[in-house]
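Please model the entire structure based on the sequences and the hints provided.
Protein chains in written order, with this note's numbering: chain A, 2 to 171; chain B, 473 to 572; chain C, 4 to 499.
Check before you lean on any hint, since a few could be wrong.
[What the hints assert, rightly or not] Here are some chain A residues pointing at chain C (derived, C-beta under 10 Å): (1) 76; (2) 147; (3) 153; (4) 160; (5) 161; (6) 165.
[To be verified] The calculated lysine to aspartate or glutamate pairs, modelled on EDC-like cross-linking and capped at a C-alpha distance of 16 Å, are: (7) 51/A - 5/A; (8) 167/A - 527/B; (9) 266/C - 282/C; (10) 51/A - 527/B; (11) 368/C - 103/C; (12) 495/C - 338/C; (13) 266/C - 285/C; (14) 495/C - 65/C; (15) 126/A - 527/B.
Rather than coming from a laboratory, the hints here were simulated on the basis of the structure.
Yeah, the Cβ is synthetic: ideal placement off N, Cα and C, and Gly gets one too.
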Amino acid sequence: MTFEEVFFYFLAAGAIVSALLVITRRNPINSVIFLVLNFFFLVALYLTLKAQFIAIIQILVYAGAIMVLFMFVIMLLNLGDEKRLTDRVTWKQFVAIGLSLAFVMQVLYIVGFGETAEMKTMSAKAVDIGTVEYIGKELFSYYVLPIEAISVLIVAAVVGAIVLAKRKFD
Amino acid sequence: MIPLNFYLVLSALLFTIGVVGVLTRRNAIIVFMSIELMLNSVNLTLVAFSSFLGDATGQMLVFFVITIAAAEAAIGLAIIIALFRNKQTVNIDEINLLKW
Amino acid sequence: MAEHILESISLFLPEIALTVTLCVAIIADLILKERNQNVAYVVIAGLVITTIFVLRQTGLTETIFSDMVAVDPFAVFFKIVLAVSGFFIVFFSMKCRELDANKKRIGEYYMLIVAMMLGMFIMVGATNLLLMYLALELSSIASYILAGYTKRARDSAEASLKYVIYGAVSSGMLIYGVSILYGITGATDIYGVNAALQTGDFSPLALLTAGILIIAGFGYKVTVAPFHFWSPDVYEGAPITITAFLAVASKAAGFAMMIRFFKVSFIDTALLDTAGVWDIVEGFQWNIILAVMAVLTMTLGNLVAIWQNNIKRLLAYSSIAHAGYILMGLVVLTDQGIASMMLYFVMYLFMNFGAFYIAMLISNKLDTEDIEDYKGLGYRAPLVCVAMAVFLISLTGIPPTAGFIAKFYLFAAVISAGWYGLVLIAAINTVISLFYYVRIFRNMFLIEPEGDTSKIEFSLSSKILVFALLIPTIFFGVYFRDIVDLAQASVKMFGL
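Rendered as structure tokens:
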């Protein structure tokens, strides 16, 4: 095994274990910490894929902003440990989980043994397209409409969050 | 070099962990964290495809997915706060998610 | 590039007008302070300007912003439907007593309605999966907030939470499907996707997975089974104006996006003939999946509606059932099917808004949403109840109402494509739906009022609004040639 492979397996194992820890912790604070850890593993994976810009905003936006928001709400509501992790699993949930597992099997089959497996090497262009310059240029030429649309979305979300969470309007 | 399908398998697994979290946990905040896990696994798929195809579209999508995830999390947490004020709980026992 | 963007802007005026309306609404809310219910007039003015810009786009067939958005007859048709429903919702909101408890926040309420409309306007025109996802999220995020607007309501926050969780999971599935489709085809632009799929160089199983995930994401927006679970609770918990808006406009926009996505990406353009019958690309029989979903949706919606006592919940299930009927038009893969879906939306707009509006008027006066409390209302408020009866007859699909014409054209399209079994199931469902519509009718007219028997008076403006919905419902049932022609002419999409 080359160093590259060892590094990938380390990151992949880290990402999966931390994700499992997120959904199995009783205390939500612990879940947040493990989710942040999961994001750091993902950032390293993005770097192995030569996507520098995405790696940076993953840290800045996800770990830096969204998770702080989660942490803030958990602290604000002063949540303790949960007594039971889940309710009694109903047959509907059972069916849903069964279906999602079947789905994973399908995806694993497709990507693991199917025809997409033929892509073994990264494109030579990968280094260029991951940079801030390239993404910036694309964003403000071809993607100018989506970026304007998302600004409206954020305005709506900000107004909405205030409206919903504000205690009194009188 | 790591082949593309390693990344895809990893992200499919992460996606499933997220789905299972959504379906089984009672705490609404953890449910939202599981949704973040799902979106992150999608991002991994997109970045992997983008790098292997040598096409920037995938990374553009990731940029927008991250923004939308932030907006959704903000709205979701605001609703959780509103719910907490009414009921003093963030558990979704009564909110049976698969009711007819 | 800069010239292209400037050119594009000149064809993007309706959406820009909505964006400006949104900004003006926020500012007006700040300036007007105590009189902020007047923001409604700002929004109406904005909608008038938007409608004018939309009407000026008739006949164009172009794409703008580097193939992100198409301006074609199909989009213009749906934009008109959306604009008309926007007008009705603003008028309803001005009358709705349920919103009075939140007077202080009514400015934000109107602003979010405009944001939702903007999202839906972009949805009907989007030709890029990235923009489709974004527009869907814009309209969803605005509707999450609006669904939880009245905190008074028993389960409003819970309904809203359920809505957000469902919406976030479904959009997660949608974007996962998009990512796989992007991996297969290397494109997010639906024309590029189509071109790549026609070369046939991909794994069919991967395409199937992507397709099912994308159907799940769209299915949530248009509430077809098995992705409808959120809708009864959300429809019941949300303010009735928002329920009506979700049941009509949001569904129309979702279906428009779905039609465009399937019709452009998954058909074999080489086999496209002039008669408007299309063929699917090899490897993914999506119309079979949709046919099963249509059957499930209408059967489930109608059967569960029979047991409902809350009028909002009943209308929610009824609108799920209607989504099932409408979905049949996409299954048959003909332009005739698409045209009949578009016709259905026009008719559905008037009759469904009518039913919701009268439910709202009654709830304003009697403060009840229980159908049992409708007993004897036919004697106490004859005009409104007769109108309700017409809307219910129309929703069932009995002549001479708009609903009959809509169903007639839809069933005819399905029959002429040879899907007899599907039409048979739909016809049986129509009979089932009679049970619960008749129940409202019976409570209103055939049972004598108990207790309070005083007449209920409605204001003149309420009556005008009832007539504005009632007249088209009857008129389109008698004279429908022009609207049918319009729908058939509007099937034309860019690139096909």
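Taking the hints in turn, this is what the structure says about them:
no. : hint          : in the structure
1   : 76            : violated (20 Å)
2   : 147           : holds (5 Å)
3   : 153           : holds (6 Å)
4   : 160           : holds (6 Å)
5   : 161           : holds (3 Å)
6   : 165           : holds (6 Å)
7   : 51/A - 5/A    : holds (13 Å)
8   : 167/A - 527/B : violated (44 Å)
9   : 266/C - 282/C : holds (10 Å)
10  : 51/A - 527/B  : holds (13 Å)
11  : 368/C - 103/C : holds (14 Å)
12  : 495/C - 338/C : holds (9 Å)
13  : 266/C - 285/C : holds (14 Å)
14  : 495/C - 65/C  : holds (11 Å)
15  : 126/A - 527/B : holds (8 Å)
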